[in-house]
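Order-wise, the sequence lines are chains U and P. Residues in the first sequence are numbered consecutively from -12, following my numbering. Residues in the second sequence are numbered consecutively from -12, following my numbering.
Check each hint, because a few of them may be wrong.
[Unchecked claim] In silico DSS-like links for lysine-lysine, alpha-carbon gap of 27 Å or less:
1) U:K465 x P:K465
2) P:K345 x U:K329
3) U:K232 x U:K102
4) P:K445 x P:K329
5) U:K329 x P:K329
6) U:K253 x U:K102
[What the hints assert, rightly or not] Facing chain P, a subset of chain U residues (Cβ under 8 Å, in silico):
7) F26
8) G28
9) D201
10) V204
11) R242
12) S328
13) L346
14) Q348
15) V440
16) A458
17) G476
18) I532
These are computed hints drawn from the structure, not numbers from a lab. Note that CB positions come from ideal geometry on N, CA and C, so glycine has one too.
Protein chains: 2
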Amino acid sequence: MSTHKLRVIPLGGLGEIGKNMMVLEYANDVVVIDAGLMFPGEEMLGVDFLIPDISYLLPRQKNLRGIVITHGHEDHIGALPYILSRLVPPIYATKFARELIRMELKQRGVRTDAKLNLVNPGSRIKLGNFNIEFFSVCHSIPDSVGLIIHTPVGTVVHSGDFKIDYTPVISEATNFSQLASLGTKGVLLLLSDSTYAELPGYTPSERVVSDTLDRIVGEAKGRVIITTFASLISRVQQVFDVAVKHGRRVFIIGRSMKEIASMALKTGYLSAPPGIICRLDELKTLPHNRVIVLSTGSQGEPTSALVRMANRDPSSRVQIIPGDTVVISATPIPGNEALVSKTTDSLFRQGANVIYDKLAQVHVHGHGSQEELKLLLSLVKPNFFVPVHGEYRHLSLHANLARSMGIPEDNIFVLENGDILELGQDSGRVVGRTRARAMYVSGMITGELDNTVLRDRKLLSRDGVVVVTIAVDAESGKLAERPRIITRGFVDAGGEQMLIEKGRGVVVSALDHDKGRLVDQSFVDARVKDSLSRFFYEQVHRRPIIIPVVVEVGRTQREPTN
Amino acid sequence: MSTHKLRVIPLGGLGEIGKNMMVLEYANDVVVIDAGLMFPGEEMLGVDFLIPDISYLLPRQKNLRGIVITHGHEDHIGALPYILSRLVPPIYATKFARELIRMELKQRGVRTDAKLNLVNPGSRIKLGNFNIEFFSVCHSIPDSVGLIIHTPVGTVVHSGDFKIDYTPVISEATNFSQLASLGTKGVLLLLSDSTYAELPGYTPSERVVSDTLDRIVGEAKGRVIITTFASLISRVQQVFDVAVKHGRRVFIIGRSMKEIASMALKTGYLSAPPGIICRLDELKTLPHNRVIVLSTGSQGEPTSALVRMANRDPSSRVQIIPGDTVVISATPIPGNEALVSKTTDSLFRQGANVIYDKLAQVHVHGHGSQEELKLLLSLVKPNFFVPVHGEYRHLSLHANLARSMGIPEDNIFVLENGDILELGQDSGRVVGRTRARAMYVSGMITGELDNTVLRDRKLLSRDGVVVVTIAVDAESGKLAERPRIITRGFVDAGGEQMLIEKGRGVVVSALDHDKGRLVDQSFVDARVKDSLSRFFYEQVHRRPIIIPVVVEVGRTQREPTN
């Protein structure tokens, strides 16, 4: 029936955790799944975050039928504020995700004509040749969905981010019978979350955290301060529930926690009996054992409420008191380990008793472990399999799981961003690659990675910068004065005056040649850079960036000043 | 009997993992335990490593009786090359540690008159009022010892770094009866390793790794490449043993692995039947299933042998072949997680099957978990307790363990670097603080942290540098030409020419005032910095470091050039 092939093109999220974006294309119809951002590695200096490269989509704007969002985490919606300035497709999202997209667009000051359409688990939408059904999955944010996408070539199942939780705290459990019945009818392709493909066994149910929180709050003689991800609404609900049970009031602190909890209460994702949530100015009126503080800062973010408490920031409205129990109900996202550890140390220094993931089960994560990934594979029984959402090792290990379950080697594609996979009903092949680099956002600048700006920042960060001013006499072509040297981030200017002074002499010697006039800027540049680089490396084993500034003196007004 | 108090002064290693150094002082006798380095956090840009501040020791040189080394890891010996230029005390170390100290001094080109004395488990030495006995402990390097230090005030036990291993692979098991008999006689103070105080239960024996390696090598159809810490000799021995068992030869690759294995074979810490270790040029002559490659690179170090294989570096003498099994027999040291993950991903990309700590028990660590820490406390029964070697949270949790075992609150001291604890037979008190900052080593420069150099590096790493050249006409006091702007690490100079061009105009406007002459350098500096900072922030939300260079033109020879 299908005269065209189905194209599957990851533009982000494969070979990395973050900036998820998957393109499906059939004939003149293009559908995009998710549009996320990624936080940069520490080597990407001065980069705020990374977003997918949409070069493939730009010339296909008129074919773009929509962007379908699986849930409201930043790595699935965070690129929208940036790409909506260049593309204006309709967006389809569940209610909670849609609220977060609205908050995100507002916060970044983005106005768009793109329509934010509401879908629900169970909804169906038709986007050109694609008929899309949404099904509930459990994940660490409400209203997460997977997708069943009927195409002329066959049915595609996209898991979204998921874990299997038979006893979720707030969301619906996954509808397995629907997936199983699809499996018996035949599924062309499964795209499945690989984030935790390293972990054997099953991810515990969100509900196990209740027991730990119950015990901790029950035993605590003083205040309990709990931090978690603001969007992890099921955890927030468990905190409310444990507060009710132990007769404590909840004080919410931190901007994102207040905003999202308030939105979730309004929209019905959270429920709390009247009077449980109190205003911060009532905190002092209650005995310590009647207090729970719910705070941002689970990732040790330097300006978050918890970190300000940990550092005794005088502007913080809550200060740690010896006897406080602090529960870090989260694990550090890779890259944040050091910040979280530092926060934990500071809290201990203030006399708090800190309970975190290594000490008690105060957190469970939101992605499926190996047995869950196998369960999905066994229900869906796909003809082709593409592991998505993960570093390369996660994708490889997920592919191993699929292989161990009997999916033929040739039907498993470990793709990377930019690979173009073409699928027919019985055949699949990577036919080429498109541009899918990481685009960085740094302040208001967006660009490609791997450029000289980042390389220079790396050099500057290690050894700083040395500016050498060379005044050349316009008449004689000789140095008009002894070169001047200004350094930043190189050596302690006070302690190393001799080094700098000797460096000035090195420049004088390097430029002192009888015949030539110092007129050739590139000659002067090269001599200064070479001689000073060598000198500083010999002296202190460092290689600062050297910027020569050559100025002709004794002659004026070469260029008008306005 | 004692007329003086015993002073206990940590100069490093408390509130941090690394740069261990503990001072004991009684009357005119000073003894130092360990002299280690620490690898810098990512925020310490351009810092190679950190060493302890020895300000307290310098004025007490004549009282310094010796530096006693507990084992040969960098965080216990790595500061020696630096402090031996300022202090020349006798050093006491076990044989393996002494060999590593010699290698370290040689590598850094340090000659010293300090005598490197050999001690053994069971040895006793007398350093002034201190009588020191050494006892074997199990740790991830051979010849690790703890110390029993008899002082006029009482006996001090220092655990060194330790775990309890009843079935060690090469070292002696700890002599518990000696410690227990001390405990019954009365111990004044226990100083005990807190590194893994977060972990419940017991650390597994080194021997469990044998079973995993045996299974992996037995099942591997191709070559097996194993990486671990070069100084983890017991692991290297297990690799040799498994090679013998499965009829494979061992090829050693990577400088430190070759050097330390060679030293350990010579000194008898390692043993291998003749012919098991082969030269790399014989690698090609053997079938794949007869090969084990033992490599450096367990921490993803960018220039290590394993990383060069992972990156298909053409200069690497071993390249990954699909079907290779790579075993990462180590865990990432905090801070190295991203490098190790990147290496793992690259190895998978090359077609290797990578087995690492999350997938199988290919590593056990070298520090005791909570039950082992409790065992030591219960054997030694100290009057006073000071947790050592750990971040603040580790020290706090270790203190909690001591408290739970009945040591009175007032006898437990969670110290930080620089605290001066004075102990009498029945009383202890922190009497003051001495300087114990982190000293950084950056190339050949050593200095204090927290200075403007590091702050500037941080700013440079985020937003780069902008050099503005202002030529002022000496006669008129006006701009002689339009200001020039050079940037590095700020914006893409090609893509953002308009921004730079507008910036030049901003400087012109800022300096354009009818009356004044641009003679006051600090006035010009401030105007340029303020106006450009504001402009760039408005335009692109970045704040580069701005360096104005003001040159007077139209007048020459203000200063002789030589």
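Given the hinted pair K345 of chain P and K329 of chain U, is their Cα-Cα distance within 27 Å?
holds (25 Å)
Min Cβ distance, S328 of chain U to chain P: is it shorter than 8 Å?
Because about 6 Å separates S328 of chain U from the closest Cβ in chain P, which is inside the 8 Å limit, the hint holds.
Using Cβ atoms only, decide whether R242 of chain U comes closer than 8 Å to chain P, and label the hint accordingly.
violated (19 Å)
Does Q348 of chain U meet its interface restraint, that is, does its C-beta lie within less than 8 Å of any C-beta in chain P?
With a closest approach of 12 Å, the Q348 of chain U hint is violated.
Using Cβ atoms only, decide whether L346 of chain U comes closer than 8 Å to chain P, and label the hint accordingly.
Holds: closest Cβ of chain P sits about 7 Å from L346 of chain U, inside 8 Å.
Min Cβ distance, G28 of chain U to chain P: is it shorter than 8 Å?
holds (6 Å)
Would the hint linking K445 of chain P and K329 of chain P be met if the CA-CA limit is 27 Å?
holds (24 Å)
Quick one, are K329 of chain U and K329 of chain P close enough, alpha carbons at most 27 Å?
With a Cα-Cα distance of about 24 Å, the restraint between K329 of chain U and K329 of chain P holds, given a limit of 27 Å.
Residue hint G476 of chain U, partner chain P, criterion CB-CB below 8 Å
holds (4 Å)
Is K232 of chain U within 27 Å of K102 of chain U, Cα to Cα?
The hint is violated at about 43 Å.
Given the hint that K253 of chain U pairs with K102 of chain U, test it: the Cα-Cα distance must not exceed 27 Å.
The hint holds at about 22 Å.
With 8 Å as the cut and Cβ atoms as the points, is F26 of chain U at the interface with chain P?
Cβ of F26 of chain U sits 12 Å from chain P, so the hint is violated.
Figure legend: structure checked against the earlier numbered hints; hints not met, in rising order: 3, 7, 9, 10, 11 and 14.
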